[in-house]
Amino acid sequence: MLRVEGLHSGYGRIEALHGIDIDVREGEIVTLVGANGAGKTTLLMTICGNPRASAGRVILAGEDITALPTHQIARRGLAHSPEGRRIFPRMSVLENLRMGASIVDDRHFKDDLDRVLELFPRLGERLEQRGGTLSGGEQQMLAIGRALMSRPRLLLLDEPSLGLAPLVVRQIFDIISTINREQGVTVLLVEQNAFHALSLAHRAHVMVTGRIALSGSGAELLNNPEIRAHYLDGGAGGAEDPNL
Amino acid sequence: MEDSSPPLIRSAALAALLAALLALPLLGVRLVDSANGLSLSGRPELVAWAAGGVFCGRLIIDLFRRWIRDFSIRLPVPPPPPEWTRFGVGWALALFALVLPFLPFADRNLVDKATMVLIYIMLGWGLNIVVGLAGLLDLGFVAFYAVGAYSYALLSMTFGLSFWVCLPLAGLFAAAFGLALGFPVLRLRGDYLAIVTLGFGEIIRIVLQNWQDLTGGPIGISGIERPSLFGLSFKAVPPEGQTGFAEFFGLNYSADHRVIFLYFLILALALATNLFTLRIRRLPVGRAWEALREDEIACRSLGINPTTIKLSAFALGAMFAGFAGSFFATRQGFISPESFTFIESAMILAIVVLGGMGSQIGIVLAALLLVGLPEWFRDLQMYRMLAFGAAMVLIMLWKPSGLLSSRSPTIRLGGRA
Ligand SMILES: Nc1ncnc2c1ncn2[C@@H]1O[C@H](COP(=O)(O)OP(=O)(O)OP(=O)(O)O)[C@@H](O)[C@H]1O
Ligand SMILES: [Mg+2]
Chain W
1 MLRVEGLHSG YGRIEALHGI DIDVREGEIV TLVGANGAGK TTLLMTICGN
51 PRASAGRVIL AGEDITALPT HQIARRGLAH SPEGRRIFPR MSVLENLRMG
101 ASIVDDRHFK DDLDRVLELF PRLGERLEQR GGTLSGGEQQ MLAIGRALMS
151 RPRLLLLDEP SLGLAPLVVR QIFDIISTIN REQGVTVLLV EQNAFHALSL
201 AHRAHVMVTG RIALSGSGAE LLNNPEIRAH YLDGGAGGAE DPNL
Chain U
1 MEDSSPPLIR SAALAALLAA LLALPLLGVR LVDSANGLSL SGRPELVAWA
51 AGGVFCGRLI IDLFRRWIRD FSIRLPVPPP PPEWTRFGVG WALALFALVL
101 PFLPFADRNL VDKATMVLIY IMLGWGLNIV VGLAGLLDLG FVAFYAVGAY
151 SYALLSMTFG LSFWVCLPLA GLFAAAFGLA LGFPVLRLRG DYLAIVTLGF
201 GEIIRIVLQN WQDLTGGPIG ISGIERPSLF GLSFKAVPPE GQTGFAEFFG
251 LNYSADHRVI FLYFLILALA LATNLFTLRI RRLPVGRAWE ALREDEIACR
301 SLGINPTTIK LSAFALGAMF AGFAGSFFAT RQGFISPESF TFIESAMILA
351 IVVLGGMGSQ IGIVLAALLL VGLPEWFRDL QMYRMLAFGA AMVLIMLWKP
401 SGLLSSRSPT IRLGGRA
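Protein sequence lines, in the order shown, are assigned to chains W and U.
Quick note on full-length UniProt numbering: the first sequence kicks off at 1 and runs consecutively.
Quick note on full-length UniProt numbering: the second sequence kicks off at 1 and runs consecutively.
Some clues are possibly wrong.
[As the list claims (entries may be wrong)] Only part of the chain W face toward chain U is listed, based on derived beta-carbon distances under 8 Å:
#1 R75
#2 H80
#3 R90
Everything labelled a hint here was simulated from the structure, so no lab data went into it.
By construction, the Cβ of each residue, glycine as well, lies at the ideal position given by its N, Cα and C atoms.
Chain W with its partners taken away, still in its complex shape (with noise of 0.2 Å):
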């Protein structure tokens, strides 16, 4: 489904990715962890055309999408929840989700909304309210069903859990998996919480440094001792390693 091969990237003359191998196949979750400052972010924005690649491609589907600008890679069927949520704050959830479904056909629109809205109840009771007045949970709920709403086949998920509280983490992450299994969507998935994540997991790739350090299946990784130290048990020790 999404193949990235040799990828280098970065901002001006800093190289923060340098040499990047992934494979997503269809149906997978893939999970990418990695500490802060890794280049996950960098990683995903890649893919999606902004910043550039310097070198290596990016394939979606069997084509080169390496040189497409962003919006243009949204419409082959690449949704991107970026890091930070980024939901439309003075507009409502309902125009959020409408925002979304900017590149499908008008006709889709009741029945895709009707779908998101069985996947996040909450956004259902608030349909009206302003974004920005969502607690976090609620916008990365928003952030989440509007990246479905473009009817994606892989949908790219930058740290949905980032500051919400463990019940809606678990919340947040079941859907995923719901995502996955019941509609078929492809899901690379970048996370801090590396305990849910690599659970969830078919496959998982270790960023150090904009490299891919270890790769793996999520079950060997959660079961793996040097990631266990670092990203499991509380990250003790995780600076002195400067391998991991």
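Please arrange chain U with the ligands on chain W, whose structure you already have, making use of the hints.
For chain U with the ligands alone, kept in the frame of chain W given last:
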């Protein structure tokens, strides 16, 4: 509570100090032309007055604010007005505008002033598309107004085209200039955009001023053709082959007819602008404007092309300014670059911002306050601008986010709550 009076005095004293510092060069010294050349003389009493006035004003405002606060704690917060009030106010205003020229107290002077206010309302509504909806800060909006005015004047003088043919053309020209401005500034936002648009406005004005052959330079263009109503002329002596308006309807000729006709013309143009905006807000383009104002990165990732959306906002906003410009030209019969200075842009922007950025009725109120009020106080002559400044300060104090800053959603689901 007991420790709150020193800050009160302190903030007033600080404000007074600031006022004194500002007043010192502005009011405090004066050039005197005496026998032995120019000399400076001081006017400390004026500085003292300014500082004293600001001190008292600040104190009163703070006390008033505190009083309001204490007061509002006891009062329950009023619920926001229901949707229909906004709707109702809009219709009531439109209706009032329709009958205004026929009301007993409406003399020629009043209708003339109302026409002036309506021009600014229309300009405000046009700029609102760019600034209020799309969130692109444009300080050179007057350029498109000028393009519209000169387009009409030149087309009508050179090719003898009528107002009704020129009107759409002027709008098109202005929209083309909107695109011309839009392309180079696509990547700019906020401050940078403001500076470039400011420069653009000045460029247009300076070109008009210096392209003598075409625009007549600083002298401007006079004798611009007045509009007619379906071929009915408003002149005392209609030109050859035309019927006069008064003659056609069996009225006695009166110069008032034209004033009233012009009033209705701009009213129709302004209402058309308003209807257009209200309608387009509910269409994908309009909604994309607002989304773009909120978050450009999110828009891109939803498959929206910011380029086309921004350009459409610039072009459509400019088009309405172009319409207003050609109306201005036909109303005045005379235009010169002097009518299109930066002050006009600032005025239109002030109307949009004080109106509440995006609110259509807010713009009407702000235009009434900022254009209507000073016109009203014309008798006060030099205190007129004081009224303008006072109105502005009062709005900022009372409603820091504009007169009407709530926005109504562009879609609703019937029945689903
Ligand atoms: N706009 C930018 N300009 C310059 N450098 C940037 C920019 N955005 C990110 N960087 C740098 O690129 C590197 C990778 O950042 P990135 O945001 O991709 O990290 P991340 O893995 O998503 O981290 P986190 O988990 O904290 O979100 C960092 O060193 C960061 O400082
Ligand atoms: Mg990140």
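Evaluation of the provided hints:
The restraint placing W:R75 at the interface with chain U holds, with a minimum CB-CB distance near 5 Å, inside the 8 Å limit. For W:H80, the suggested interface contact is upheld, since its CB lies about 4 Å from the closest CB of chain U, less than 8 Å. For W:R90, the shortest C-beta to C-beta distance to chain U is roughly 6 Å, which falls under 8 Å, so the interface hint holds.
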